[in-house]
Each structure stands twice: as C-alpha cells, then as structure tokens.
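Colleague: Produce the entire structure from the sequences given, and follow the hints as far as they go.
FYI, my numbering numbers position 105 of the sequence shown as 105, with every residue one higher than the one before it.
Keep in mind that the hints were calculated from the coordinates and are not lab data. For every residue, glycine included, the Cβ atom is placed at its ideal position computed from N, Cα and C. Just so you know, not all the hints are guaranteed correct.
Unchecked claim - The calculated SDA-like cross-link candidates involving lysine to any residue, where the alpha carbons are at most 25 Å apart (straight line), are:
#, residue 1, residue 2
1, K59, D81
2, K59, N49
3, K59, T69
4, K97, G74
5, K97, A110
6, K59, V48
7, K59, W78
8, K93, E106
9, K59, G74
10, K93, A103
11, K59, V41
Unchecked claim - Label pairs and their computed distance ranges (CB to CB):
#, residue 1, residue 2, range
12, A104, V35, 49 to 57 Å
13, I75, L102, 28 to 36 Å
14, A104, R71, 40 to 48 Å
15, W83, A113, 33 to 41 Å
16, E107, I46, 39 to 47 Å
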Amino acid sequence: MSAVRSGPYVPGSSMQQQGYGGRESANLGDILERVLDRGVVIAGDIQVNLLDIELLTIKLRLLIASVDTAREMGIDWWEHDPWLTGDAHELAKQNRKLRRRLAALEEIVATRAEAAHEPEAVERGR
Numbered sequence: 001m002s003a004v005r006s007g008p009y010v011p012g013s014s015m016q017q018q019g020y021g022g023r024e025s026a027n028l029g030d031i032l033e034r035v036l037d038r039g040v041v042i043a044g045d046i047q048v049n050l051l052d053i054e055l056l057t058i059k060l061r062l063l064i065a066s067v068d069t070a071r072e073m074g075i076d077w078w079e080h081d082p083w084l085t086g087d088a089h090e091l092a093k094q095n096r097k098l099r100r101r102l103a104a105l106e107e108i109v110a111t112r113a114e115a116a117h118e119p120e121a122v123e124r125g126r
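Modeller: Now the structure itself:
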C-alpha cells in the first residue's frame, strides 16, 4: 500500500517525478511524439436549432498525425493538391482561359437568341 501525502504541492517533489496515480509523468514532447506517431481523431457535430427546426449543422472531423503516419493510413492529399504543390499558377491560367471561352459562348448564345426574335419584331411592326 502506498503512503498518502498531505500538504501543499511542491514543484520538483517526488510526487511530480512519479506522476499522478502511479504513472510516469510525460512532458509535452513525449505526448506530442505519441500523438503524431499513432494519430488522434477528434470528431464532433454542432447543431443550431430554433424551435425544433434545424438551422445549421457543422460536422467536424480532425485528424492529427505525422506525415508518415498519415501516409501509412493512405492519406496523402497534400501531394496532389495543386494549391500546395506549386501548380496554382497553371490552375489560374487554365481558369482564365476557361472564363474567356465561357464568355465567348455566352455571347454567341445571346446573339443567336436576339437574331431568333428579330423577325417576330419586324412582323409585329407591320
């Protein structure tokens, strides 16, 4: 049976070195190493209701792990994300090109729609 200590907590005392509840104490570095090595999933849902009407639901899923641990789990989205891999310039260029093409197509459609309605306007004016 272990002895129970009474009195104020003194930093550097034997209780701090033994840890609370008989476990070894761990510093922040040890804890961080364990978390990154094994990974931690934090999940939660936030719902906003008004008079039993659901207005908003936010689903939170957070994974904290090292890059190596994430790769072992099959997670490597950062290697293919163009915004993170330096392909953002190419995406912006492609986006501008597509916007120009879309504008040209919209102009063609608008021109054809106006041309299709012009004979009706001429016939109505007679």
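Colleague: Hints first: check each against the structure and report whether it holds.
Modeller: Against the structure, the hints:
no. : hint                   : in the structure
1   : K59 x D81              : holds (23 Å)
2   : K59 x N49              : holds (15 Å)
3   : K59 x T69              : holds (24 Å)
4   : K97 x G74              : violated (34 Å)
5   : K97 x A110             : holds (20 Å)
6   : K59 x V48              : holds (12 Å)
7   : K59 x W78              : holds (22 Å)
8   : K93 x E106             : holds (20 Å)
9   : K59 x G74              : holds (22 Å)
10  : K93 x A103             : holds (16 Å)
11  : K59 x V41              : holds (13 Å)
12  : A104 x V35: 49 to 57 Å : holds (53 Å)
13  : I75 x L102: 28 to 36 Å : holds (34 Å)
14  : A104 x R71: 40 to 48 Å : holds (44 Å)
15  : W83 x A113: 33 to 41 Å : holds (38 Å)
16  : E107 x I46: 39 to 47 Å : holds (45 Å)
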